[in-house]
Amino acid sequence: MEVVQVLRMNGGLGETSYATNSLVQRKVISMTKPVTEEAITQVYRSVDTITNSFCIAELGCSSGPNTLVVAAELLSIVHRLSRSHGRQLPEFQIFLNDLPGNDFNSIFHSLLPQFRAQLNREMGSESAPCFVYGVPGSFYGRLFAANSLHFVHSSYSLMWLSKVPEGVEKWNKEEIYIGSRSLEPAINAYYNQFRQDFHTFLKCRSEEVVGGGAMVLTILGRKSDKAASKECCYIWELLALSLKEMVSEGAIEEEKLHSFNIPQYTPSPAEVSRSVEEEGSFSVTRLEASEIRWADCGGGDGGGYDVAKCMRSVAEPLLVKHFGESIIDELFEKYQRILTDRMSKEETKFVNVTVSLIRRG
2 MEVVQVLRMN GGLGETSYAT NSLVQRKVIS MTKPVTEEAI TQVYRSVDTI TNSFCIAELG
62 CSSGPNTLVV AAELLSIVHR LSRSHGRQLP EFQIFLNDLP GNDFNSIFHS LLPQFRAQLN
122 REMGSESAPC FVYGVPGSFY GRLFAANSLH FVHSSYSLMW LSKVPEGVEK WNKEEIYIGS
182 RSLEPAINAY YNQFRQDFHT FLKCRSEEVV GGGAMVLTIL GRKSDKAASK ECCYIWELLA
242 LSLKEMVSEG AIEEEKLHSF NIPQYTPSPA EVSRSVEEEG SFSVTRLEAS EIRWADCGGG
302 DGGGYDVAKC MRSVAEPLLV KHFGESIIDE LFEKYQRILT DRMSKEETKF VNVTVSLIRR
362 G
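Our numbering applies: residue 2 is where the sequence shown begins, and numbers increase by one.
A few of these clues could be false.
[Stated by the list, open to error] Subject to a maximum C-alpha distance of 30 Å in a straight line, what follows is the list of computed BS3-like cross-link-like pairs (lysine-lysine):
hint	residue 1	residue 2
1	Lys174	Lys346
2	Lys28	Lys174
3	Lys245	Lys231
4	Lys227	Lys350
5	Lys28	Lys346
6	Lys245	Lys350
7	Lys174	Lys227
8	Lys204	Lys346
9	Lys346	Lys335
10	Lys34	Lys171
11	Lys335	Lys257
12	Lys335	Lys174
13	Lys164	Lys204
14	Lys257	Lys204
15	Lys28	Lys350
16	Lys322	Lys257
17	Lys224	Lys28
18	Lys174	Lys204
19	Lys245	Lys204
20	Lys335	Lys245
21	Lys34	Lys224
22	Lys350	Lys224
23	Lys164	Lys174
24	Lys231	Lys346
25	Lys335	Lys322
26	Lys231	Lys257
27	Lys257	Lys245
28	Lys174	Lys245
29	Lys245	Lys34
What the hints contain is simulated information worked out from the structure, not anything from laboratory work.
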């Protein structure tokens, strides 16, 4: 599976779109707001090159109500800081990055006009020029000119790997991700792929972020030292149960299931910190783990229904590519039933790892 060509969130504004089912991601952004505000304030006070232009990159921006939330908040903070320090408000450049399959059209057709209207309401005549660009491409490669960025933000994107780890198919036939039945070689392959990808990410950003610039990265992760911990694997194990049920009914070939693996890794805070230290270009200023309930995927009491829709908006393109479109509705009906049952019996949560970094030099 060529991840760059396949991985994307469901586009549009329909019932199964990411735009409609990204409330939990919105809540995570809100939870990490103090970290982001602290980092942008530090950059503003310490970097001399932002006098004329302030450059911000949102990596893994997707398409939906969350796409420009952080950018709007950052502009508001810089506006406030400029007034309090008696400085001229700089021009802003905002770069929205995601893989080429992302629904960039929706961003520029509907979200950007709303964003500009919000800026005009909040800043009025003091509003500085703000230029917004779409940057399709993988963040596991260079995306921007050297020393061009002051601030980088990414939320719920860096757990996605550049590819399914090599060898996983033969070691992980009973799972679609790391799980309770995963063999040690499969777990190691997943970790090594994350370590390689995250190192590449940091290396690329080190060339693009100015000295003293910052990054705030939130990654779906885990608190446990064990990569097969239930706190990070359970959501995929339940989807695997739904797929296995369809295998038993003859709707999916068993071999097809055995060859499917999710290109994701959910790291611990220690693993993130270790990778930053190994790469060496950034210093960690904050590192923390937080939790959010699965039930927060929806705005009401939809329970398993909301979680199933949230996961469908994220995983459907990968599933369609491998299994075909005909199984999707039935698969997520089964998944919803399993989720509803488990959520009624136990407390289920996502774990988020947030790291704030400053570019050395």
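Satisfaction of hint between Lys322 and Lys335, Cα-Cα up to 30 Å
It holds: about 19 Å lies between the C-alpha atoms, which stays within 30 Å.
Tell me if the straight-line CA distance from Lys231 to Lys257 falls inside 30 Å.
holds (25 Å)
Verify the proposed pairing of Lys245 with Lys34, using a straight-line Cα cut of 30 Å.
violated (40 Å)
Holds or violated: Lys174 with Lys204, Cα cutoff 30 Å?
violated (33 Å)
Given the hinted pair Lys245 and Lys350, is their Cα-Cα distance within 30 Å?
holds (24 Å)
Would you mind confirming whether the straight-line C-alpha gap from Lys350 to Lys224 stays at or under 30 Å?
holds (11 Å)
Against the 30 Å threshold, does the CA-CA distance of Lys257 and Lys245 hold or violate the hint?
The given pair, whose Cα atoms are some 11 Å apart, holds under the 30 Å limit.
Quick one, are Lys227 and Lys350 close enough, alpha carbons at most 30 Å?
It holds: about 16 Å lies between the C-alpha atoms, which stays within 30 Å.
Restraint status (C-alpha distance of Lys34 to Lys224 at most 30 Å):
Holds, because 20 Å separates the two Cα atoms, which is no more than 30 Å.
Pairwise hint evaluation, Lys171 against Lys34, where the allowed Cα distance is 30 Å at most
violated (42 Å)
Given the hint that Lys224 pairs with Lys28, does the C-alpha gap stay at or below 30 Å?
Roughly 19 Å between the alpha carbons, so the hint for Lys224 and Lys28 holds.
What's the verdict on Lys164 and Lys174, does the C-alpha distance respect the 30 Å limit or exceed it?
It holds: about 17 Å lies between the C-alpha atoms, which stays within 30 Å.
Hint check: violations occur at hints 2, 8, 10, 14, 18, 19 and 29; the rest are consistent with the structure.
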